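Participant: Residues per chain are reported as follows:
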Amino acid sequence: MAKPNAAFMSSVPELVVLRLLSDREMYGYELVKAIRLASNERLTPAEGVIYPLLHSLEQRGHLKSVKRQVLGRNRIYYRTTSTGKKQLQGLTAEWRRITKALTSIIGESV
Amino acid sequence: MKTINLERIRRQLILGGVAPHYANRTILELGDHIDELRQQATNRDMPPESAAEWVQQQIGEEQTLINEVLAKPELRSWLSRHTGPALLAGPLLIWFGVMLLFIGGLATLNLFTPLLDYTPGAEVPLIYKIVFEVVAFMILHLTAPLLIVLTVIQAKKRLLRPGWQWLLGMILVAFVGAAWRYHFNWPTPTEQGNIAFSWGYSFMWERIRPEPDAFKYGKLIGMMLLAAVTWYLYNPYPDDYIPQVSRDV
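From first to last, the protein sequence lines stand for chains A and B.
For the first sequence, position 101 matches number 154 in the numbering used here, and the numbering has no gaps at all.
For the second sequence, position 157 matches number 169 in the numbering used here, and the numbering has no gaps at all.
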């Protein structure tokens with residue numbers, strides 16, 4: 054039986070960040086632009102809230118950060134770790150399961 | 013127009029129990045992000061007033077940003093959540109722990125080496141004596157001042173005002189640390205060596221002797237002065253802490 058997942062919607066930003074950072078490392082501003090681009094401007098969160106999410110994912114071992122000096126600025130770049138990739142797989146599978154369930158409820162034509 | 017003030021955000025985060033490490037990192041990254049957005053606005057030839065408004069819209073409301081961080085318990089440290097009790101009991105417990113380790117180490121050394129035992133005709137090599145005296149001096153005399161300095165640093169990093177808990181914690185460490193006395197008599201070819209430790213104060217005026225009692229009180233006062241000097245000199249967040257970032261959007 055599938056696991057209940059009441060907190061699923063709150064894990065959507067986590068899924069998006071883990072997915073984009075699994076391709077290449079990015080810093081916050083770059084990541085926000087990548088989210089906008091990848092979602093065709095459909096996902097436009099307040100940009101500042103990306104940082105607590107990045108820190109939280111790093112704290113849980115899903116992201117690894119590295120500080121780099123670029124044009125005289127200290128920037129923190131993030132990338133998905135192997136643990137983060139496993140988490141991403143789980144979240145992706147859950148997302149597919151839920152969208153399939155929702156599609157079967159509301160139908161394709163709505 | 014509403015503004016985003018990075019200093020205010022840091023203060024709110026730290027006072028809300030977020031570990032200073034994450035609070036500082038958040039505002040450094042936000043500052044860099046704001047600079048990027050400003051640059052983007054400049055590239056689009058936006059007039060300054062609407063550019064500031066646009067940057068504000070993009071980055072989000074100050075309170076929203078603060079709430080997002082505070083909503084993540086993993087960004088709070090145990091010390092940040094229990095600062096008062098930790099700074100009250102922590103230094104004292106660490107001091108006792110260090111002393112126990114030191115005395116335990118001595119006992120172990122005594123068990124497994126003939127260094128401190130009397131062996132007729134044997135002389136302890138000078139290098140052993142120097143190393144031992146230096147290590148003993150550092151542990152027995154410098155642990156308490158070091159813990160006091162670290163307590164003040166932690167309190168200032170967490171934007172604490174002088175409070176009874178951490179002030180009492182420092183006084184207790186200074187009190188136990190200053191009362192500590194030790195004396196080593198190294199074994200000679202003709203005499204057995206010994207190590208003597210003592211702890212205590214003379215509170216009766218007529219019994220106070222310049223050595224060791226006045227020395228102990230001197231250390232106690234010295235440690236309190238050290239705490240005060242550290243408090244006034246140490247600034248964890250100097251004005252140029254956020255280079256290149258204006259504090260208000």
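In short, the hints are calculated from the structure, not lab data.
Treat the hints with caution; some may be incorrect.
[Unchecked claim] With a Cα cut of at most 30 angstroms, we get these calculated DSBU-like pairs of lysine-lysine:
hint : chain 1 : residue 1 : chain 2 : residue 2
1    : B       : K141      : A       : K120
2    : B       : K141      : A       : K117
3    : A       : K120      : B       : K168
4    : A       : K139      : B       : K168
[What the hints assert, rightly or not] Covered by chain A, according to a simulated footprint, are these stretches of chain B (three or more residues, beta-carbon under 8 angstroms):
hint : stretch
5    : 39-52
6    : 82-93
7    : 108-117
[Unchecked claim] These stretches of chain A come out as covered by chain B in the derived footprint (C-beta under 8 angstroms, 3 or more residues):
hint : stretch
8    : 68-77
9    : 123-129
Here the structure is a predicted model, which means the values were calculated and not measured.
C-beta atoms are modelled at their ideal positions from N, C-alpha and C, and glycine is treated no differently.
Participant: With reference to the structure, classify each hint as holding or not holding.
Facilitator: Hints, one by one, checked against the model:
no. : hint            : verdict
1   : B:K141 x A:K120 : 45 angstroms, violated
2   : B:K141 x A:K117 : 47 angstroms, violated
3   : A:K120 x B:K168 : 25 angstroms, holds
4   : A:K139 x B:K168 : 40 angstroms, violated
5   : 39-52           : holds (count 8)
6   : 82-93           : holds (count 4)
7   : 108-117         : violated (count 0)
8   : 68-77           : violated (count 0)
9   : 123-129         : holds (count 5)
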